[in-house]
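Q: Chains as they are written, first to last, in the working numbering: chain A, 1 to 752; chain B, 1 to 169.
Hints are computed from structural coordinates only; laboratory data are not their basis.
Ideal placement from N, C-alpha and C gives every residue a C-beta, glycine not left out.
Heads up, some of the hints might be wrong.
[Said to hold, decoys possible] Some chain A residues well away from chain B (every beta-carbon gap over 12 angstroms; in silico):
1. R13
2. K25
3. G335
4. S424
5. Y550
[Unchecked claim] Some chain A residues judged to face chain B by a derived CB distance under 7 angstroms, without partners named:
6. V12
7. G16
8. K19
9. V20
10. G641
11. G647
12. V648
13. F684
So you can see what is in the structure, the chains are spelled out below.
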Amino acid sequence: MKSNIQEKEDRVRPDGLSKVTGALKYLTDLTFPNMLYAKILRSAYPHAKILSINTAEAEKLPGVASVITYKDVPGMNRFGIIIPDQPVLCEERVRTVGDAVAAVAATSYEIAEMALKLIQVEYEELPIIDTPEKGLEPNAIKLHPAGNICHRSSYINGDIEEAFKACEVIVEETYELPRQLHGYMETEGGVVVPQEDGGITVYAATQHGFKDRFQLSRILGIPEGMIRIFSSPMGGSFGGKDELNIQPYAALLALKTNCPVKIHNTRAESLRASLKRHPMKITAKTGTDRLGKILAHQVKIIADKGAYATLGPAVLDFAVEHAAGPYIIPNIETGGVSVFTNNGVTGEFRGFGGNQITFALEGQLDRLAAVLNMDPIELRQINLRNATDLGPLGHRIAPTDSAALVLKEIQRLYQKSNTPSKDSNWKRYGSGIAIAMHGGGLGFGRLDSAGGRIFLNKEGKIEISFGFEECGQGLLSVIENIAIEEIGCSAEDIQIVIGDTSVVPVSGSSTASRGTSIVWQSMQKMKEPFKNKLIQHASISLSIPAENLYLGPTGIWELGKEEGPCMTYKTCAEGLLDSTVLTSFHFPVTPDAVNGGHFLYSFGGVKVDVEVDILSGMVKVMSIDHVISAGPVVSPKGFRGQIEGGGVMSLGYTLMEEVKMMNSQYATQNFDTYLMPNIVDIPFDTNVYAIEELYEGDIYGPRGVGEIGTIAITPAIIKAIHDAIGCWVTKLPISSEDILEKAEARGMLSWI
Amino acid sequence: MDINNKVLDNPIDALMTITLTVNGEKIDIQTASTEKLVNILREQLNFVGTKISCGIGRCGACSVLIDNELVNACFVMAYQVNGKSITTIEGLGGVTVDEVQEAFLTEGGFQCGYCTSGMIMAVKYLLALNPNPSESDIKEALAGNLCRCTGYGGIIRSVQSLAAKKIGI
Ligand code: FES
Ligand code: FES
């Protein structure tokens, strides 16, 4: 396991000790006096009318404190981050088995569960739409008033028809991608505690506390100021806890019973109600001239939205934007449609549509290289963007030569690949590469507020706060490391405050690989004014010229006097009344008005070696090399962990993970049938190389790396399989039957 | 399958008194005989360092040692642990952290930390039996513990750093 990332200083992450000792209280670990336990009744059918709901029997069960239905929602009975189209509690219709119909608070989970069984719901089943194609049929039943199209997105440049005529080589393929589970180890949950003023305090994981506050205010019909959200720590999210999950039910029940109410989903409950990655079917037609220059690229995306929108439209926009990735293609036509179905809701998931579209794009390049009989790296080089080229939607982006740097490094790794040449009887070996470009931040036309706050608190600690959440990604380390670097203080001088809406500033969501960027940029804006305030104070009180003073460990130091600070932070705090520096700004965005277009991109490349067993059809990844260009590495262990972890998540996506639905009912309910990679499935030979230099003049600092490690791995594995057995896989997750059929079709099994 | 619901289907289960030793302390508790150990630990005894994730023995988040054997606490019931001695994550270390915990800290063997209690118990168990595990030993020993965050890299480095220390590399 190699890495070129230097361990600057071997600092343990701030939340480390509490995690390895088991002392950290996750929000699902909390209990409060008089706490009730709640369960949610989800729809029995994927699509039905509700004729009646009778809760009388359930209410009579001893131990039951309250049963709620849609009648108990005082405000707007809908949620959804952008488009609130999902009922909190369904009124007359259910559209998916994840829909909530009622909820019960009782003195124990067991009693609440019993009570759910006593609620009588009369349904009248309706025909289901279980594929997006069916949803598009002209006479399909409408799932929403405006029909079944949740969103369309497109990008057209040049003249695709003419361009195809000029092509020497054209390849066309349809790629199919599965419904992936986020698989965070901590299922959704938490406690809502009613307050004396009629407000609530919510302890439940989310990736954007302020957004939960806004949504809950709308549902509960109380002002945002009466809602306080504690949003982390949490046991993983990966996009999955971005949308509301159990919060509205616990909140409604807490207000109704005036008791704290806890909900902690079981894995099966979580699987039924949670978001998943969008299944997509992507058809791509791509043509080049004789020398491999891509002239035309036509892409059609059809996404299974499930029953409600959440961030689905943005995910589709992202996929459309990244259809050409880091390549310059003069004629392009990308069209996507996201279609409502009665399947489970799909939404935000690490990679955000980039995984699906890059699988198709890199697949096309590899197929073209094969037909042209060209080296796949060379084909990529010919078509690769230059530093100052426009972005993939023809919009201006921060200049970057990362694409070329990553490809060069991947080329070096690819060349020294040592594929075993002597095939055993039934094992075949191959290597593959792929690269990816990934936008950070929410994109043009989306409110993408950023900001932070720093001040010296009464205890003499430099208190730094952001409205972000620690999902496990290592945000606390990022804040600590950047603060130490920029301020000059030591870790002990810092107190980090995040994730409590009553005290933190607005920083926007902990999503879209934006956290690291925002922390760094905020610190650039805040550090000088903050330092100046402290130095001015010390200068006046100690009569030392300000230019001789600087901030260091434990306090303010005078140049040339190494024995200790001339004023400790504690003393400074006692005299300095106001040291607060606040910043708020918009995440850097392209100046061109293209919907969703990004400005800052990170780049990644992957090289893998695989072993294909043509007797069993099993594919094993033998090694993974990641090359990442996302600016300076802020937190070495965190960086490596994000890339390795993201890579393995996508290894699972490629080789084994799928939440199967049959007739819009989940066939998969827990980890016995949903297989995520365990330690046996991953190569110990995994290496991470960072390219830390930013392009000349780049003032935007380190980029977040939460997503970039998940993108290129899938197409690299597919290419490696092709290298091993000469056939292309088009449908994920790769099935051994598919491999066997392909091997057989190529006559590879003739020796059996 | 979701056996979380199994007990719920039959909530009126006979209560029994069992005696456990948890992290060295002897405790008598009244519980349904089929109550799962993970619930006893988390809800009755407030040892919430032991986590629950799948509830069906497939993820290892609830791993504890029962009489020094590694067991998924969601997979054993009250009557099965009567008289047994249980070690949870809270039972490791003391004034300072245990060496496995230390290795996880320095090697970055965790991110969200939700799998970490169980993972550390599994590593403890592995190293107790085999202080210098090979790659395949590590794979075999930790195959029952899922981690969604790290991709296992930091966990492998944690284990290997301990193995290396033991054999003085
Ligand atoms: S919770 Fe016990 S093994 Fe998953
Ligand atoms: S650290 Fe999050 S699941 Fe392992």
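Q: What are the numbers of the hints the structure violates, in ascending order?
A: 1 and 2
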